[in-house]
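Sequences are here, hints too, so could you generate the full structure?
Using numbering that gives the first Met the number 0, read the sequence shown as starting at 0 and increasing by one per residue.
If you are wondering where the hints come from, they were derived from the structure by calculation, not from laboratory data.
A quick note: this is a predicted structure, and the numbers were derived from the prediction, not measured.
Be aware that a few hints might be false.
What the hints assert, rightly or not - In silico BS3-like pairs for lysine-lysine, Cα to Cα no more than 27 Å straight-line:
hint, residue 1, residue 2
1, K40, K72
2, K16, K94
3, K72, K114
4, K40, K16
5, K72, K94
6, K114, K40
Said to hold, decoys possible - Derived CB-CB ranges, DEER-like:
hint, residue 1, residue 2, range
7, E146, Q48, 19 to 27 Å
8, P145, E22, 24 to 32 Å
9, E32, A106, 27 to 35 Å
Even for Gly, the Cβ is constructed at its ideal location relative to N, Cα and C.
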Amino acid sequence: MPEDTARRPSEPTPPPKPVTVTEFNARGERVGEVAGQTVVKSEGEWRRQLTPLAFSVLREHGTELAFTGRYHKHQTPGIYRCAGCGNALFHSGQKFDSGTGWPSFWAPLAEGNIKVATDPSFGMLRDEVLCRKCGGHLGHVFPDGPEPTGLRYCINSAALSFTAAEE
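Right, dumping it as structure tokens:
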């Protein structure tokens, strides 16, 4: 269920707020809860940190073209993290080929590491997936995924970084 309406880039940058996320190691093992503050940066800081495509996706709620992302067919065991702040989001064991052209996962690593908001763009209502730590747009979640959740988290590769599982 969506929490709120997503913040659009034209709105002022909010001040940092307290946030607690769950940290995981590269094998997907829970390390513990980490309390801190949301990541807040100016547009210029985000532009210097991110590639143009990652900026478009994470900060402007854009999307990459289907079947073009570096993690679409990625099979290596490990953790997918937010490209904006490093927050642990998805484990490779939760990834599946949805045939849609974007990396798809049936669940996040921890529900508290993401948030779901209502996205009213393009004349329809969709459930947008955002990073809880930096507010970056990751993609959308749909109710047509595999068991055990029946959900499909359709995520942009440009919004992700990857940490391979340790041997």
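Hint by hint, here is what the structure shows:
Taking the CA atoms of K40 and K72, the gap is about 31 Å. The hint is violated against a cut of 27 Å. Pair hint K16 plus K94 does not hold up; C-alpha atoms about 31 Å apart against a cutoff of 27 Å. Between K72 and K114, the direct Cα distance comes to roughly 25 Å. Compliance with the 27 Å bound is thereby established for this hinted pair. Distance hint between K40 and K16 is fulfilled; the C-alpha atoms sit about 13 Å from each other, no more than 27 Å.
Our distance criterion of 27 Å between C-alpha atoms is met by K72 and K94, whose separation comes to about 10 Å. Restraint check for K114 and K40: the C-alpha separation of about 19 Å stays at or below 27 Å, so the hint holds. For the pair E146 and Q48, the beta carbons lie near 38 Å from each other, so the given range of 19 to 27 Å is not met. At about 27 Å, the beta-carbon gap between P145 and E22 stays in the expected band of 24 to 32 Å.
The hinted window of 27 to 35 Å between E32 and A106 is violated, with their beta carbons roughly 18 Å apart.
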